[in-house]
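S.K.: Each chain, written out:
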Amino acid sequence: MGEGRGMTTTKQKTTKRLVSALAAALALFAFTERAEAQQILLTGPLAGAPAVRKLRWHRKGRFEVAPAISFTLLDEYQRTILMGARLNYNFTDWLSFGAWGAFGAIKIPTHLSEQIQEVNASRRQFDPTSMYRQRQLTAVNLGPDFEKQLGSMDWVVAPQLTAVPFRGKLALFQSIYLDTDLYFFGGPAFVGVTERKNCEECIDSFEMASRVAIAPTFGLGFTFYINKWSALGFEWRGLPFSWNTSGFDTAGGGKDKKFPDNKITNDDRQFNFNQMLTVSYNIYLPFQYKVSE
Amino acid sequence: MKSSPIGLLVAVALGIFPAQSWAQAKAGGKVTVAGKAAATKDSEGVIDADASGSAAAGSDAAAAEGAPAAGDTAGEAGEEGETPTGSGLEDICKIDPAACPNLDMDKEAARPLKEQIFAVQQAYALRVRRFELQAGWSQSLNDQFVSHPTPNLALNYYITNVLAIGINGQYYAPFNLDKDFNAQVRRAARVAVPLTEYQWGAALNFTYVPAYGKFAGFGDFIFHYDAYVVGGVGAMSVRPIPVIDPDNRNFEYQTKLAFNAGIGLRIFFNRWFAAVLEVRDYVFNDKLESLTYSRIPGPGPNGAANPNTWYGETSLTNNVQAQLGAAIFIPFSFNYRLPK
Chain A
1 MGEGRGMTTT KQKTTKRLVS ALAAALALFA FTERAEAQQI LLTGPLAGAP
51 AVRKLRWHRK GRFEVAPAIS FTLLDEYQRT ILMGARLNYN FTDWLSFGAW
101 GAFGAIKIPT HLSEQIQEVN ASRRQFDPTS MYRQRQLTAV NLGPDFEKQL
151 GSMDWVVAPQ LTAVPFRGKL ALFQSIYLDT DLYFFGGPAF VGVTERKNCE
201 ECIDSFEMAS RVAIAPTFGL GFTFYINKWS ALGFEWRGLP FSWNTSGFDT
251 AGGGKDKKFP DNKITNDDRQ FNFNQMLTVS YNIYLPFQYK VSE
Chain B
1001 MKSSPIGLLV AVALGIFPAQ SWAQAKAGGK VTVAGKAAAT KDSEGVIDAD
1051 ASGSAAAGSD AAAAEGAPAA GDTAGEAGEE GETPTGSGLE DICKIDPAAC
1101 PNLDMDKEAA RPLKEQIFAV QQAYALRVRR FELQAGWSQS LNDQFVSHPT
1151 PNLALNYYIT NVLAIGINGQ YYAPFNLDKD FNAQVRRAAR VAVPLTEYQW
1201 GAALNFTYVP AYGKFAGFGD FIFHYDAYVV GGVGAMSVRP IPVIDPDNRN
1251 FEYQTKLAFN AGIGLRIFFN RWFAAVLEVR DYVFNDKLES LTYSRIPGPG
1301 PNGAANPNTW YGETSLTNNV QAQLGAAIFI PFSFNYRLPK
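Chains A and B supply the protein sequences, listed in that same order.
Residues in the first sequence are numbered consecutively from 1, following the numbering used here.
Residues in the second sequence are numbered consecutively from 1001, following the numbering used here.
Hints are computed from structural coordinates only; laboratory data are not their basis.
Check the hints yourself; a few may be wrong.
Said to hold, decoys possible - If the Cβ cut is set under 10 Å, some of the chain A residues that face chain B in the computed set are: (1) Lys107; (2) Thr110; (3) Arg167.
To be verified - Simulated pairs of lysine-lysine, DSBU-like, Cα-Cα distance not exceeding 35 Å: (4) B:Lys1107 x A:Lys290; (5) A:Lys257 x A:Lys107; (6) A:Lys258 x A:Lys107; (7) B:Lys1179 x A:Lys258; (8) B:Lys1179 x A:Lys148; (9) A:Lys290 x A:Lys54; (10) A:Lys60 x B:Lys1107; (11) A:Lys197 x A:Lys263; (12) A:Lys257 x B:Lys1107; (13) B:Lys1179 x A:Lys107; (14) B:Lys1094 x B:Lys1107; (15) B:Lys1094 x A:Lys255; (16) A:Lys228 x B:Lys1107; (17) B:Lys1107 x A:Lys197; (18) A:Lys263 x A:Lys107; (19) A:Lys197 x A:Lys258; (20) B:Lys1179 x A:Lys263; (21) A:Lys54 x B:Lys1107.
To be verified - Simulated restraints on C-beta separations: (22) A:Glu114 x B:Trp1200: 40 to 50 Å; (23) A:Leu161 x B:Gly1217: 12 to 22 Å; (24) A:Arg211 x B:Asn1308: 48 to 58 Å; (25) B:Ala1275 x A:Trp57: 48 to 58 Å; (26) A:His111 x B:Ala1322: 18 to 28 Å; (27) A:Pro67 x B:Ala1322: 19 to 29 Å; (28) B:Ala1183 x A:Glu118: 13 to 23 Å.
For clarity, every value in this text was computed on a predicted model and none was experimentally measured.
Backbone N, C-alpha and C define an ideal beta-carbon position, used for all residues, glycine too.
So here's chain A without its partners, still in its complex pose:
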């Protein structure tokens, strides 16, 4: 008993010490914060002056029309080149609202898809009509032409908000000087996707179906201003959503639905962190920019 009481007392003391130390630490933090928050009263001609004078407002009050070409990255089965444009209105030099839209103009199967189709074709050449033993195990997954069952991104429309926190300039070889900015954007995206149609009896059923996937989109980009009214843009965009890129039956069966079930269902849509790089030529309207004081 006595020992237990003693232990309790020691614990209480320790707790008290801990609480005191914590309170003291918090007090110190609070004190430091207050000290750091003190405003330095600048006097003289630079008091209240902006960090940059005569700043060329390339964006403020201007529309941005930017034809753009986007290249998807890290695709497993098919690369897509999207042609489109970005349209923004810049309320201020650091905030704009607009949309990016593009359609999947060129679709290029990856080397993996070519390899799969090569093997698939060689299996089928034995007997293209009957279910030959060599392709029994892949009958649900591989149609006559694997490249035609691949999921594709047909179009994208993404209303987006763009923030431009960083403005600057760049000296190239000490002879070419460019105004630049670094921007971040984000918003919802509506993606037109074509992928293998859901089926219960999926052997020899390789029809495709289209749907609209809604996904977040975000990214960052650099703008290099060539003159008063145009610029080159480079941006990276993330567009994560789940879709069936291969047309394979990969899930839906077993306890956790992570085993094939010989059906094509929504469970076969795998989460993909779709990424793309975009190159754009930006045109700003009106052609003349404003300059800060």
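Put chain B on the given structure of chain A with help from the hints.
M.R.: Positioned in the frame of chain A, the structure of chain B alone reads:
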């Protein structure tokens, strides 16, 4: 002798009087350019008695940002921009009319300044004869089958301000990740893709810095950056991951000649510490696992356990790595060759 203290006092008074008149904006009268700047820029309504001195300091600060500041104007105007209406000046004019300044301030203010303003003035951080120690974490960008994250270390020495020679190294071995996607493809299509894992990489590199600049963040603070290209030659230790016949095949790491080329961006937090973002492609000739396997057991000449039967075709492989890291320049300080 008795009048000498009074003379000294008058001399001192004359000496300090012009300084006071520069800083004070006269109500209803003409004001100096410095006075105007102070009056318009100081939102608190504080007028600094040492405005001309501040302006000079301010001009340095502003010039460092590459923009002509009001301080420049103030500094120039302050030298000859006094208005001939103050009582002190009237006294001077009375004593010596020839020495009385007679300037049209509007005309002087409109006079174009011919000061040379550089588009980008003094590089913020000089690199010449400094070591750069880089440490960071890399992530492979182009391999959808096996990801190859790695810590990365580099040491560069800048022979000139734009050219450096250096070494770098990576240690991939514990971090290779065979993705689930590979197993799914094997299961669904009965097609196996040869996979490769990396152990380490090292290279001798040259770095060239063709571009530098600065950014204003949120219109409030300014940071400097430079962009570089890097290329070199070195080695990578790699081996296939057995997927075709894992029961018999157990590959040893082999060292391959590897070339690399890349671009990078350095953002300076101060003159010796920077964040680094780099994308570099390491190219090497990879020997892939054979897609066929021997049905003959044992280590005989064509046996499944004979390593000579394990390798298939060779393939030029790109290992594109994106690195995020930090750079420290040593020595920490440096001197500019010219004052500006």
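S.K.: So, for every hint listed, does it hold in this structure?
M.R.: Outcome of the hint check:
no., hint, in the structure
1, Lys107, "violated (17 Å)"
2, Thr110, "holds (8 Å)"
3, Arg167, "holds (5 Å)"
4, B:Lys1107 x A:Lys290, "holds (27 Å)"
5, A:Lys257 x A:Lys107, "holds (31 Å)"
6, A:Lys258 x A:Lys107, "holds (29 Å)"
7, B:Lys1179 x A:Lys258, "holds (15 Å)"
8, B:Lys1179 x A:Lys148, "holds (25 Å)"
9, A:Lys290 x A:Lys54, "holds (9 Å)"
10, A:Lys60 x B:Lys1107, "holds (34 Å)"
11, A:Lys197 x A:Lys263, "holds (10 Å)"
12, A:Lys257 x B:Lys1107, "violated (84 Å)"
13, B:Lys1179 x A:Lys107, "holds (24 Å)"
14, B:Lys1094 x B:Lys1107, "holds (25 Å)"
15, B:Lys1094 x A:Lys255, "violated (106 Å)"
16, A:Lys228 x B:Lys1107, "holds (32 Å)"
17, B:Lys1107 x A:Lys197, "violated (80 Å)"
18, A:Lys263 x A:Lys107, "holds (26 Å)"
19, A:Lys197 x A:Lys258, "holds (19 Å)"
20, B:Lys1179 x A:Lys263, "holds (23 Å)"
21, A:Lys54 x B:Lys1107, "holds (23 Å)"
22, A:Glu114 x B:Trp1200: 40 to 50 Å, "violated (32 Å)"
23, A:Leu161 x B:Gly1217: 12 to 22 Å, "holds (19 Å)"
24, A:Arg211 x B:Asn1308: 48 to 58 Å, "holds (51 Å)"
25, B:Ala1275 x A:Trp57: 48 to 58 Å, "violated (28 Å)"
26, A:His111 x B:Ala1322: 18 to 28 Å, "holds (22 Å)"
27, A:Pro67 x B:Ala1322: 19 to 29 Å, "holds (27 Å)"
28, B:Ala1183 x A:Glu118: 13 to 23 Å, "holds (21 Å)"
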